[in-house]
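Novice: Now for the letters of each chain:
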Amino acid sequence: DAGVIQSPRHEVTEMGQEVTLRCKPISGHNSLFWYRQTMMRGLELLIYFNNNVPIDDSGMPEDRFSAKMPNASFSTLKIQPSEPRDSAVYFCASSPRDWETQYFGPGTRLLVL
Amino acid sequence: SQQGEEDPQALSIQEGENATMNCSYKTSINNLQWYRQNSGRGLVHLILIRSNEREKHSGRLRVTLDTSKKSSSLLITASRAADTASYFCATTSGYSTLTFGKGTMLLVSP
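Quick note, the sequences are listed as chains A and B, same order. Every letter in the first sequence is one number past the one before it in the working numbering, and letter 113, counting from 1, is 114. Every letter in the second sequence is one number past the one before it in the working numbering, and letter 69, counting from 1, is 183.
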């Protein structure tokens, strides 16, 4: 198995632009998680899906952030409009069950200028 | 707020020495997990210990769990330079998903 796949690996954009991050979970995993990691705040859970349904989005910072999971093999995290404070590494992880081991992707390093 | 808090925040040792990291948490848990993160990479799962377990081993890793003290420790024996990374504990409680601490940065010098 290729593991969790994220794209792009790096993204540099200007303030105000739309950013879309993509994730392909491990086949057969029914839970998917989006995290954001910064030096100041550590690793924060943004949202998680179970069987493609958003279960907890309380970590989503504000309305500029949205996430979708149209099918079991694909999810997106969108930021519109982006701001410099959104600069961080965004990780996607998947799990066979939402309270068990999570398998992380390599992350997307986002820089908003 | 963070459920797990790792201690120390940073640890520097020589190759061959043992490294011990601790994690404290606040509420009752279903399980506690340890993850490693190498610089610039995603987190990698190391070991999971359930609330009814007290000790678990995996290779050079030994994890203990004391639910009465709400704490766990991760011991890495005979450390290697390749063990240099950040180590995170994460807990689940009730129907919640993992809550991560801020991690311990381990530096193993040759």
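Because the hints were derived from the structure by calculation, they are not lab data. Any given hint could be a false lead.
To be verified - Between beta-carbon pairs, the in silico distance windows are:
1) Glu-131/B with Thr-39/A: 28 to 34 Å
2) Ser-67/A with Asp-121/B: 17 to 23 Å
3) Val-54/A with Lys-140/B: 41 to 47 Å
4) Leu-189/B with Pro-71/A: 39 to 45 Å
5) Phe-75/A with His-171/B: 45 to 51 Å
6) Ala-124/B with Glu-63/A: 31 to 37 Å
7) Pro-55/A with Gly-130/B: 34 to 40 Å
8) Ile-6/A with Gly-130/B: 47 to 53 Å
From a predicted model like this one, the values you see are computed outputs, not experimental measurements. No residue lacks a Cβ here, since even glycine has one placed at the ideal position from N, Cα and C.
Novice: For each hint, tell me whether it holds in the structure or not.
Specialist: Verification of the hints:
| no. | hint | result |
| --- | --- | --- |
| 1 | Glu-131/B with Thr-39/A: 28 to 34 Å | holds, 31 Å |
| 2 | Ser-67/A with Asp-121/B: 17 to 23 Å | violated, 37 Å |
| 3 | Val-54/A with Lys-140/B: 41 to 47 Å | violated, 29 Å |
| 4 | Leu-189/B with Pro-71/A: 39 to 45 Å | holds, 44 Å |
| 5 | Phe-75/A with His-171/B: 45 to 51 Å | violated, 38 Å |
| 6 | Ala-124/B with Glu-63/A: 31 to 37 Å | holds, 32 Å |
| 7 | Pro-55/A with Gly-130/B: 34 to 40 Å | violated, 48 Å |
| 8 | Ile-6/A with Gly-130/B: 47 to 53 Å | violated, 37 Å |
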